[in-house]
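Okay, here's what each chain looks like letter by letter:
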Amino acid sequence: MIEGFTALYIFMLAAFTGYEVIARVPVILHTPLMSGSNFVHGIVLVGAMVAMGHADTDLEKVIGFLGVMLAAGNAVGGYVVTERMLEMFKSSKGAK
Amino acid sequence: MDAVIQLSYFAAAVLFILGLKRMSSPVTARGGILWAGAGMVVATLITFLWPDMHNYAWMTLALVVGGGLAWYTGKKVAMTDMPQMIAIYNGMGGGAAAAIAAVELLRGDFHAPTFQVLAVAGALIGSVAFSGSMIAFAKLQGLINRSLVFSGQQLINLAIFAAALAFGFLLMTAELPSGLNILLFFALALLFGVLMTLPIGGADMPVVISLYNALTGLAVAFEGFVLGNAAMIIAGTVVGSAGTLLTQLMAKAMNRSLGNVLFSGFGSGAAAEGEVGDQGEMKEIDATDAAVMMAYADTVIIVPGYGMAVAQAQHKIWEFVQLLENRGVTVKFAIHPVAGRMPGHMNVLLAEAGVPYDKIFDLEEINNEFEKADVALVIGANDVVNPVARSNPESPIYGMPILNADKAKNVICVKRGKGKGFSGIENALFFLDNTRMLYGDGQAVAGKLITEVKQL
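If you're matching them up, the sequences are chains A and B in order.
Positions 1 to 96 (the working numbering) are the ones given, in order, by the first sequence.
Positions 1 to 456 (the working numbering) are the ones given, in order, by the second sequence.
Worth flagging that the hints you see were computed from the coordinates, not collected in a lab.
Careful, some of the hints might be misleading.
To be verified - Residues of chain B clear of chain A, computed beta-carbon distances all greater than 10 Å: (1) 172; (2) 194; (3) 237; (4) 239; (5) 327; (6) 389; (7) 393; (8) 452; (9) 454.
What the hints assert, rightly or not - The following label-pair restraints were derived from C-beta to C-beta distances: (10) B/4 with A/87: 45 to 53 Å; (11) A/26 with B/14: 18 to 26 Å; (12) A/87 with B/326: 22 to 30 Å; (13) B/298 with A/26: 56 to 64 Å; (14) B/50 with A/87: 31 to 39 Å; (15) B/257 with A/26: 40 to 48 Å; (16) A/26 with B/146: 31 to 39 Å; (17) B/298 with A/87: 29 to 37 Å.
Don't be surprised by glycine CBs; every beta carbon is placed ideally from N, CA and C.
Using the sequences and the accompanying hints, generate a full structural model.
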């Protein structure tokens, strides 16, 4: 378990990392990058799996099921559309 | 086993950050998503080994159903509809974060009061991102056409938000929160997301989607703290801050502040009165004359807009451009930061048609070249070339950076009809002396231009 100040430090460092990673991105990549970061928060899937894995009552199981389903949609959908967009950058580079 | 799981999550977090880093440069972008994807696969598979879990069968089913549907829709969707798909996948992530919080609150098994607070905060943010994104999707998809605006709207929204906060506070302090309390809390949070998004006009949606993307990231991070899951904390926080920055960049490209986007109701038609008056007449040109004009020009700058993408005209336009270049005409594409439905969306669409990078120019790069250009071909763009943004302080789009297409010697505007643009503002460019209107569907017009140039 990650406690107190350690958690706060992780939060702070990760926030700066996110800022730095994006800081110098050209406009042409805004949409793919938004889509890419949308994919990255699909990691909520592992949390949804753990939550469902520990669900006991029927209600908890149903909510857990919905959570895993939504999270899987986030991860897979985010990947597919990002990949399709970036695929085009590859092909146009070849034509150059 | 715990060490293996933690190590995998660590690896996933590293891969996510490196992947995002690579995605921020055109050369390495494609590798970036592969790296991040690898991280996701590793993290997901290793989670099956998490100790003391059950419900595996249902869990796998949920994975397959959710993932399968998303795979199918993601592969099928047209490039022009990309923004609303991002919205819906993002909303799903927010919903998942809220679901995690709901399960944890029902179980009521928190290690410390801090976690209870974080669970509720994540649930609130996640729910708003979920319902808000769904409305954004519905609006961009055309399922909701009108923007709901009424007097006292912001007060009502504020009251609902306050009520959601109050129930959230009860949840934070309760030993084992009641089902009713949890239900009311989520219902209010979801309602707030809907009501907050409804008044926002379609033109501002990309900024809003980007904001919800950042919010989902934050919600994921909060639930990550609750579950003690480092991968979720790091990935969620990185997306939260990166998304916030991206939202600001987008808002800046449209010359609007975030507060303005969220609370002003611009682009909804209500604020866009526009200035009508002695603007003269629109003058028409036919495809033959337009083709001749461009074929004998030295420099042509093409300003594509969303209208071109809707007509799927980008392939034909590129064919036309190649014909012009064979005749020795210099052709450049000028892309406004918010051309299309999102920053960078137009670049994706042109890349799809096979237009190479070195023909595509940003606003800053090309704006001084319009004066030297013989023809500016505006196709399906409207507000981003409207000179009132420079000249008329009364106009709602005053101050927005625009492409100076009006400075070209000749301007040809390809347009389907005489209607107004996305924002509902009359475009002064269409009435200028050096402007000619070429009416018709983008793709049909491009086809005609190709035939005409070939006959020369």
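- Hints broken by the structure, by number, lowest first? The structure breaks hints 3, 4, 10, 13, 15; every other hint is satisfied.
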